[in-house]
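Q: If you want the building blocks of each chain, they are given just below.
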Amino acid sequence: MKIESHSTNQVLIIKPKGKITIGLGDVALRKAVGEALEAGARRLVINLHGVSSLDSSGVGELVSAYTTVTQRSGKLVLAELPSKIADILQITQLIQVFDVYDSEQEAVDSLS
Amino acid sequence: MSPAESPRTEPSATPEVRITVGSRFENIELIQTVVDDAFSRLGLEDDDRHWVGIAVREAVANAIKHGNREDPDELVDVELRVEGDQAVIRIEDRGSGFDPEQVADPLAPENLLKPSGRGIFYMRRFMDEVSYRFLPGGGTVLVMRKRLASPSVPASDENSEANKESNG
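Each protein sequence line maps, in turn, to chains A and B.
Residue numbering for the first sequence follows this note's numbering, beginning at 3 and increasing consecutively.
Residue numbering for the second sequence follows this note's numbering, beginning at 3 and increasing consecutively.
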């Protein structure tokens with residue numbers, strides 16, 4: 003898995019590509035969110051457009067990212083969910099926890 | 003001449019897949035690739051293969067993490083067989099087992115924001131049947147079943163037989 007990130011309007015956008023799964027992707031996502039918080043970011047968008055698979059560890063990592071950012075008085079939202087990723091969040095009922103946006107721009111606007 | 007009936011109700015003589023790996027998370031990729039290839043040959047649709055693949059990943063991840071405590075010298079055995087119209091996946095680790103009834107419900111409000119505890123839930127959701135067996139000398143055997151939408155052997159002859167009725 004690869005993770006790109008960039009910021010716009012004081013919002014940090016994290017874009018993982020590939021599988022967020024146990025042992026690799028989950029660790030990479032944890033690191034990316036941790037580094038963003040270290041650097042002072044408090045408004046984060048995770049754009050899931052390029053994510054092909056999300057196992058239970060990957061879901062756990064998204065939840066951890068959400069709770070960590072929230073605890074630090076920040077806000078984390080999700081954008082551009084592929085249908086299978088949306089299915090997973092539906093099945094795990096986490097769709098009611100996360101704010102989810104169809105486009106990255108809408109997600110950024112919601113935090114600006 | 004009608005061909006011999008295919009013995010679809012008998013377990014296949016040889017497994018479609020049989021792999022033993024050390025307990026390393028990287029090996030999950032290998033197992034998923036091989037299992038996915040087998041399910042492709044068995045005619046499982048792309049969507050179903052995605053979800054079955056996720057269930058298999060969860061099962062192997064649990065065997066590596068909770069069963070074998072990530073000890074690379076401890077082995078995980080994976081076997082896929084066809085029994086009747088079902089694919090049967092058997093995953094064995096060397097762990098001391100657990101009580102599946104005691105696993106917390108990840109959909110309960112108090113568990114919704116927990117970072118772990120969704121693996122078995124995934125498996126039950128994506129497979130038709132999930133059961134555990136604990137071996138007396140140690141070792142956990144997980145068996146997951148998935149109905150195959152179409153038979154594993156193409157049955158083109160049957161259709162042509164049925165269509166002959168009107169010829170006469």
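If you are wondering where the hints come from, they were derived from the structure by calculation, not from laboratory data.
This structure is a prediction, so every number in the text was calculated from the model and none was measured.
Think of the CB as a built atom: it goes at the ideal place given N, C-alpha and C, for glycine as much as any other residue.
A few of these clues could be false.
[Stated by the list, open to error] Cβ pair distances, simulated, as ranges: (1) Gly-141/B / Ser-112/A: 20 to 26 angstroms; (2) Gly-141/B / Ser-75/A: 19 to 25 angstroms; (3) Ala-30/A / Ala-110/B: 50 to 56 angstroms; (4) Glu-72/B / Asp-89/A: 28 to 34 angstroms; (5) Ser-75/A / Ile-21/B: 44 to 50 angstroms; (6) Glu-72/B / Arg-74/A: 39 to 45 angstroms.
[What the hints assert, rightly or not] Just a sample of chain B residues kept apart from chain A, beta carbon distances all over 10 angstroms, derived: (7) Ile-30; (8) Arg-43; (9) Gly-55; (10) Glu-85; (11) Pro-102; (12) Leu-114; (13) Gly-139; (14) Gly-141; (15) Val-145.
[Claimed, not checked] In silico DSBU-like cross-links for lysine-lysine, where the CA-CA straight-line distance does not exceed 35 angstroms: (16) Lys-116/B / Lys-77/A; (17) Lys-77/A / Lys-67/B; (18) Lys-67/B / Lys-21/A; (19) Lys-19/A / Lys-67/B; (20) Lys-4/A / Lys-19/A; (21) Lys-4/A / Lys-77/A; (22) Lys-116/B / Lys-19/A; (23) Lys-17/A / Lys-116/B; (24) Lys-4/A / Lys-116/B; (25) Lys-86/A / Lys-67/B; (26) Lys-17/A / Lys-4/A.
Q: Going through the earlier hints one by one, which of them does the structure break, listed in rising order?
A: 1, 2, 3, 6, 7, 9 and 12
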